[in-house]
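S.K.: Modelling step: build the complete structure from the supplied sequences, incorporating the hints.
Residue numbers (the numbering used here), protein chains in the order written: chain C, -4 to 282; chain D, 17 to 822.
One or more of the hints may lead you astray.
[Unchecked claim] Only part of the chain D face toward chain C is listed, based on derived beta-carbon distances under 10 Å:
| # | residue |
| --- | --- |
| 1 | Ala142 |
| 2 | Asp143 |
| 3 | Glu245 |
| 4 | Ile315 |
[As the list claims (entries may be wrong)] Derived DSS-like pairs: lysine-lysine, alpha-carbon spacing no greater than 27 Å straight-line:
| # | chain 1 | residue 1 | chain 2 | residue 2 |
| --- | --- | --- | --- | --- |
| 5 | C | Lys182 | C | Lys240 |
| 6 | C | Lys239 | D | Lys39 |
| 7 | D | Lys689 | C | Lys239 |
| 8 | D | Lys39 | D | Lys50 |
| 9 | D | Lys148 | C | Lys239 |
| 10 | D | Lys813 | C | Lys184 |
| 11 | C | Lys182 | D | Lys189 |
| 12 | C | Lys182 | D | Lys50 |
| 13 | D | Lys148 | C | Lys37 |
| 14 | C | Lys240 | D | Lys813 |
| 15 | C | Lys184 | D | Lys816 |
| 16 | D | Lys217 | D | Lys337 |
| 17 | C | Lys240 | D | Lys816 |
| 18 | D | Lys689 | C | Lys182 |
| 19 | D | Lys189 | D | Lys363 |
| 20 | D | Lys217 | C | Lys184 |
| 21 | C | Lys239 | D | Lys813 |
| 22 | D | Lys87 | C | Lys37 |
| 23 | D | Lys603 | D | Lys629 |
Because the hints were derived from the structure by calculation, they are not lab data. Glycine residues also receive a C-beta, built at the ideal position from the N, C-alpha and C atoms.
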Amino acid sequence: MIPGSFSYHRPASVADAVKLLSDLGEDARPLAGGHSLVPMMKLRLASPAHLVDLHGIAGLKGISRNGNNLVIGAMTTQHDLLASEEVAKSIPILREAALLIADPQVRYRGTIGGNVANGDPGNDMPALMMALGASYRLEGTNGARDVAAADFYQGAYFTALEPGEILTSVSVPVPAAGHGYAYEKLKRKVGDYATAAAAVVLTMAGGKVATCSIGLTNVHETPLLAADAAKAVIGTSLDAATLKKAAAAAEAIMAPAADARGPVEYRKHVGGIMVTRALQRAAANAK
Amino acid sequence: MNDMTPTREQRTAALEGMGCKRKRVEDIRFTQGKGNYVDDVKLPGMLHGDFVRSPHPHARVKKIDDSEALKVPGVLAVITAETLKTVNLAWMPTLAGDVQMVLADGKVLFQNQEVAFVVATDRYAADDGINKVVVEYEPLPPLVDPFKSMDADAPVLREDLAGKTSGAHGPRKHHNHIFEWTVGDKELTDAAFKKAEVTIKEMISYHRTHPSPLETCQCVCSFDKIKGELTIYGTFQAPHVIRTVVSLIAKLPEQKIHVIAPDIGGGFGNKVGAYPGYICAAVASIVTGKPVKWVEDRIENLTATSFARDYHMTTEIAATKDGKVTGLRVHVLADHGAFDACADPSKWPAGFFNIVTGSYDFPTAHLAVDGVYTNKAPGGVAYRCSFRVTEAAYCIERAMDILAQKLNMDPAELRLKNFIKPEQFPYHSALGWEYDSGDYHTAMRKMMETTGYAALRKEQAEKRAAFARGETREIMGLGVSFFTEIVGAGPSKNCDILGIAMFDSCEIRMHPTGAGIARMGTKSQGQGHETTWAQIIATEIGIPADNIMVEEGNTDTAPYGLGTYGSRSTPVAGAAIAMAARKIKAKAQMIAAYKLEVHEDDLEWDIDGFRVKGLPEKFMSMKDICWAAYNSVPPGMEPGLEAVSYYDPPNMTYPFGAYLCVMDIDVDTGVYKVRRFYALDDCGTRINPMIIEGQVHGGLTEAFAIAMGQEIRYDEAGNVVTGSFMDFFMPTAVETPHWETDFTVTPSPHHPIGAKGVGESPNVGGVPAFSNAVNDAFSFLGSTHIQMPHDYWRNWKAAKQLGAVA
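M.R.: See below:
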């Protein structure tokens, strides 16, 4: 549980950070909250020769409204999200999910950027970002580009980030007023990754589902957007048969690993239940 | 008397003696981060050692190349079995009569086994060095399943035992067999089963788990070449035994070994035995001439130092059809891992598992235990229980529920029908123990009345009907557990460790001003001895507990004792404390008689001093007697006021309790909720009710963890897959249920203050309560026994197998 030796860098701007990462190449890793990287280093599963700490870059922290989007700086912590009135008011599912991430100590340190950029299928925010239609701002030596969360995840720990690029902010479209939402997460204990979790954002019209998107956490090597399951509930009042259909459609795209949380069959089964429960709760709190 | 004269109640209260909820004095430093733990020990020039460990569960070690490691800046030495052989320490004896490799000698027998010890100027350099040691292995087939260990074609694990047809505990039947231990009357028991009206039989497993104290095992060894003295700071539950063991195996004179156990952050049995880290740090210090620190990390603690349980108990009960038990037959397959490093009294290879008849009047019983080797970490320690008592309590309490189910009887009623009756004490059990005292019926009925047991059963029946009608997906279980423990090891007639009788000791030295210091052979790891030991002395000699300083853990100053584990501190050292205090009091009485100019027999004890019978104004306080002891003792008497007592208990003590767990389980997800948990404990005389309550809360939390998910698990290839708190269930305050505690008091008749010990009762009694609740919840769907641990997915699996989930 002792990391190998490494050089520590603390750039003051994104440009400097990008340059450092580009110059140092594959031996360098950006450091945000460190909750994924540092344990890997302690186990010597990761041995970067250089750490580029992003805490010195003032512009990477903060939450601001930009038209219909909420723009969250990559170094904004989960605690900052929880403390934000703007988040609570306009995108309450972010707050609900952040409260289910680990424990207060982790949330003081863990960042939104690290959570979504690492490509860990166990992280909670990626599926949520997919369900919300968020996009990520990536900056590298060739300038900045925006990538939709839905296009970002390619495999476990593999993302659209190119070498030398840093994820600098997350832009989340504010859902329609009166939308319903729920993040249902089954976990064994505080601090655990989800056995399975489902994020639902929907709108209701005349007692029927008008729009719906569903994200799934930790049931595949990447976070998933359950498009067929969402389509199955549009225009329905979420009767038992529809819920069953939606859960089955969601389960059909799940491919979790068997681990101490349970065998594959169980994790898919409770994944379906999380979808059902999230749909029911989201419909109930929609206005 | 003027208004300022304290009343008798005020004088008693001022002592903060037995029965007082005295605040823990050690918490002043602990809550401020000012404890002094082993890792706080920093000696000048201190080096750090760390282990190269085996990635294989079973392999031959072909070659160890340390040349690159020795080039790492800061690395000073790499110690291997070959180095240790030069001082005859490549192997060490275990407490169970086996031998254990200190470092891999020719082969490795479990994953994460210690292979080489890298010594460096700091911990970082040591770990850099570890990564540069190249070990060449030739993998061998692993043996993981204990049920296959004695197959004819099972791999040979212990080549060092080749040709040895008997071990420390008798004949060996197979190359992977360690011992067979039998107790009881086989013929009588078999006969009872032959004519039984009803029998049950079930293989009840108690899975492998780990004590996992928050502070891992660690030490600092410092060898002084000039004086030839070795000082060891370590996380030792039994520091005196460690000193003797070190003396015997390192061939150092015992007076030249100083063992110091400073503050300890939890032990739970993990810190009783000796581990390779201690030996390697000591050898490294001798080799380098510098102090050497070894501190385990969490993965090492969970995967290499001693596990607990791993008992597979085939259990049969014979009974009449109206529910009177007539016989008990148990066979245990005990998985000890690669070396038998069980920490039991030496003559007890399966500990006190023969308490398995529990709280019930079995006319006859027979028990056989087979210990076997597998490619897993060695051990078999008593995780917050007296030796194998928690396995025994789980076995009988689960089996009684299975019998109740078969007889269609309420489990509480079945227990009431079979309890040992109050008039039967002292009670001789069919498997050889003499239970000292108990009133089981009163405790059980108090539990049933307080919890509203009958109403809960009614609610359960209604919920089951609603479940059958499809109105709910939740099932409800009531887990009854009535345990009897055997603690306080132990009487020299049946308990020793490596030949040392399991007495304990206390030395009290009173100072002139009415204060004093008391030292014991025990060692608190969080039990609060500094608080409670002073309370016993306060009541015995009338000096406020605040004026008594308690000190443990330094073998140079404390009297020899066998340490703290197995709930033995109060039954054994607690008795020694009372006896030493009574010696002080006896001398004090002579001094008081002299000063008050009366005969000793004319004095009577009155809370905090002696009073002349019939002359209430003639009184001498203990405080004044202390002063007199240093300036005006009777002619011919030695001055001073101190006493030592070594106490060899005449019997064990037998605490008991009645627990109830009320649980709801969602069959679709397997998620459970502990709705209610009630724990009634009878530990005899209660020294500090607040500390008892704290002990019960802690033990129940561990029991909850063990029953509901905590396990050390190996995959089929022998990889240990539960090496961190991510997967090894360690509940936080969020998961932990609310505890309701209660008590009855049945003093031990043979203990000087009637106390029995309580630290381990809640772990012992708690596990069956949780497991019985889960099993009770599922029983109406047709199951008789579901193995622990009962985590979410396994509950779902049970529901699915029983047809409750599609």
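S.K.: Compare the structure with the hints numbered earlier in the document and write down the numbers of the violated ones, lowest to highest.
M.R.: 3, 6, 9, 11, 12, 20
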